[in-house]
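So the chains spell out like this:
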Amino acid sequence: MKSATIVVTDPTLRDGSHACSHQITIEQIQKYATAAEAAKVDYLEVGHGNGLGASSLQVGLSLVPEREMLRTARSCLNKTRLSVHVMPGFATIKREIAGAIDLGVDLFRVGAHCTEADLTQRHLSYVRNVGKEAWGILMMIHMASKDVLLEEAKKMQSYGAQGIVLMDSAGASFPSDVTEKIGALARGLDVPVGFHAHNNLGLSIANSIAALEAGARIVDGTARGFGAGAGNAPLELLVAAMHRLGYKFNADLYKILDSGELAAELFAENLPISNAVTIVSGLAGVFSGFAKPVIRAAKQMHVDPRDIFFELGKRKVVGGQEDIILEVASELARKNSSKNS
Amino acid sequence: MPTKIKVAIVGTGNIGTDLLMKVLRSPWLECRLFAGRNLSSPGMMKADHLGVPVSSKSIQAVVERRSELDLVFDATSAEDHVKHARILRDLGLLAIDLTPAKIGKMCVPAVNLEECLQAENVNMVSCGGQASVPIAFAIAQANPEIEYIETVSSIASRSAGPATRINLDEYLGTTEEAIQHFSNCRISKAILNLNPAQPCVHMQTTVFAKIARPNLEKSREQVGAIVKDIQKYVPGYQMILEPMIENGRLAVMVRVEGVGDYLPKYAGNLDIINCAAIAMAEAYAQKRVGNGKAEAKNGFTP
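If you read the sequences in order, they're chains A and B.
For the first sequence, the residue numbers in the numbering used here are 1 to 341.
For the second sequence, the residue numbers in the numbering used here are 342 to 643.
It cannot be assumed that every hint is accurate.
Sample of chain B residues facing chain A (criterion: CB under 10 Å; computed from the structure) [claimed, not checked]:
hint	residue
1	Ile428
2	Asp431
3	Ser498
4	Leu509
5	Asp510
6	Gln521
7	His522
8	Asn525
9	Gly565
10	Ala566
11	Glu587
12	Gly589
13	Arg590
14	Ala592
Don't read these hints as lab results, they were simulated from the structure.
Every residue, glycine too, gets a C-beta built ideally from N, C-alpha and C.
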């Protein structure tokens with residue numbers, strides 16, 4: 001089992017976009033991408049938190065236009081391959097994917113909510129047809145059983161996905177869930193399987209290790225956990241754990257530790273921490289990226305952000321439905337004021 | 342009793358069959374033909390059971406029965422509509438296109454019904470377009486300095502069939518084009534989310550706008566007025582968040598509950614585009630029949 005080399009994907013400059021309300025700068029991209037290249041990370045993912053074409057009033061406008069972000073990262077990378085996240089419904093082939101191919105993106109990770117894999121069919125086939133690498137991403141995996149996930153992953157595999165990554169987008173999974181779900185995919189698919197953790201319940205490293213032990217060949221980690229909600233599996237801890245457990249990987253341990261130190265400086269203002277809101281986000285099973293907009297709406301409308309999260313959880317909202325936060329917050333505010341009057 | 346105009350529906354899937362139910366209720370429209378390819382499809386069987394003339398010859402059946410018809414609803418596919426549009430034009434029949442083919446004049450009844458009555462082919466844009474364009478239009482009426490408009494729709498996964506899923510990019514493109522066209526704002530963006538929650542969620546649409554100096558009061562007035570207009574032909578259309586400013590953006594949110602004709606009530610996305618198509622057809626009927634005396638019960642007059 002430990003003979004295979006584990007592929008390390010680093011979405012610090014993509015998931016971290018959520019942590020700083022999409023204000024990643026050119027300088028941060030230059031510095032971090034250079035460090036990732038030096039650390040021999042296999043793939044570096046760059047862009048808006050919700051991927052290509054997602055800079056919006058709905059999710060938040062990026063400080064730096066997407067093409068500039070990609071161009072900057074491209075110029076810093078040589079061996080480390082450049083990856084982007086793609087969510088059909090936000091990104092289109094004509095408007096974003098074609099342009100990203102021209103800018104030299106190597107890998108397209110095309111994602112959908114974990115029960116909606118067929119939305120990725122055209123985008124995955126397009127990327128494969130132009131000769132680029134394409135993976136399928138199933139998000140919010142705490143909302144589906146292992147059988148459903150396997151069925152959806154098989155669809156993506158049939159569309160041409162060369163890898164499938166399960167994302168615990170709400171940080172709501174426990175190690176036993178991950179073992180079961182990754183195990184089912186590792187046994188049932190022909191392509192390698194990966195895992196992407198969030199730390200809302202403090203389980204990002206434990207869940208990532210459970211994934212590796214269940215047969216995952218790809219792991220996502222971000223420097224100092226720079227990502228949505230309570231952050232991702234911190235890459236430096238993840239690589240240290242893999243080193244200790246005897247997994248093979250291309251990354252350089254010392255240099256990964258260095259890029260963790262660099263991230264602590266670069267993103268000092270916005271490093272994710274576990275707090276009342278991120279914990280409730282994990283408990284309610286709501287997309288980690290909702291944390292900042294929920295806190296903002298709660299403040300404006302004088303309601304408890306935790307109430308918003310639990311109500312969003314009841315409604316089973318998925319990633320991309322940030323507008324519902326406003327509706328839920330105003331409804332709670334209305335209820336509160338009628339109670340007090 | 343007003344004279345009804347005679348319509349054909351081509352395409353017997355969910356949209357076509359739901360349209361049929363609406364036509365059967367209309368005081369202005371009479372369905373003379375329900376045509377598709379498969380006589381044993383659920384929609385076809387339902388039509389047959391209701392005593393509507395059916396055919397498996399699709400557009401060819403329209404050609405053969407030209408003399409019995411005044412207008413044709415096309416609920417097939419964008420690819421097919423390209424062919425059908427030519428045939429219908431040569432036959433001199435008004436085409437109301439529910440596919441994303443975008444050949445004819447874009448029609449959003451609350452905004453431009455009157456000017457569509459002269460067209461030979463009208464396109465019903467998209468479900469999200471029918472829900473959001475009037476709101477974008479009203480916001481534009483109230484705020485001359487709109488920099489950017491965005492529309493986000495969430496629909497129940499169960500209401501998105503295979504055609505919707507495979508045509509997601511086209512849906513986004515068409516909706517964006519309509520928002521730009523009707524709001525005169527050069528930059529727009531459309532986003533679509535599918536939500537698999539059970540019980541199924543109703544369609545919801547949010548319109549966001551970036552405006553240098555937003556006029557909230559006037560926005561509320563204009564949006565409130567157009568919502569009332571839409572409700573005349575889409576009974577389940579409701580505003581759930583009136584214009585508000587949050588984080589430097591103006592936001593309005595609406596929910597669409599379907600009438601529940603053929604499709605379940607949560608499928609407001611399919612209901613609204615069909616309601617809009619019926620509003621167009623009834624207005625055309627009233628113009629043709631040329632009498633305003635018998636006001637249609639659920640008809641919409643701009």
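Hints, one by one, checked against the model:
1. Ile428: 29 Å, violated
2. Asp431: This hint is violated: aspartate 431 of chain B lies away from chain A, its Cβ roughly 32 Å from the closest one there, beyond 10 Å.
3. Ser498: With a minimum Cβ separation of about 6 Å from chain A (threshold 10 Å), the hint on serine 498 of chain B holds.
4. Leu509: 5 Å, holds
5. Asp510: 4 Å, holds
6. Gln521: Given a least distance of 14 Å, the restraint on glutamine 521 of chain B is violated.
7. His522: Cβ of histidine 522 of chain B sits 18 Å from chain A, so the hint is violated.
8. Asn525: Given a least distance of 18 Å, the restraint on asparagine 525 of chain B is violated.
9. Gly565: Status violated, d = 16 Å.
10. Ala566: The hint is violated - alanine 566 of chain B has no Cβ within 10 Å of chain A, the shortest such distance being about 21 Å.
11. Glu587: 6 Å, holds
12. Gly589: Since chain A brings a Cβ to about 9 Å from glycine 589 of chain B, closer than 10 Å, the hint holds.
13. Arg590: 5 Å, holds
14. Ala592: Check passed: Cβ of alanine 592 of chain B comes within 6 Å of chain A, closer than 10 Å.
Of the numbered hints given earlier, the model fails hints 1, 2, 6, 7, 8, 9, 10; all others are met.
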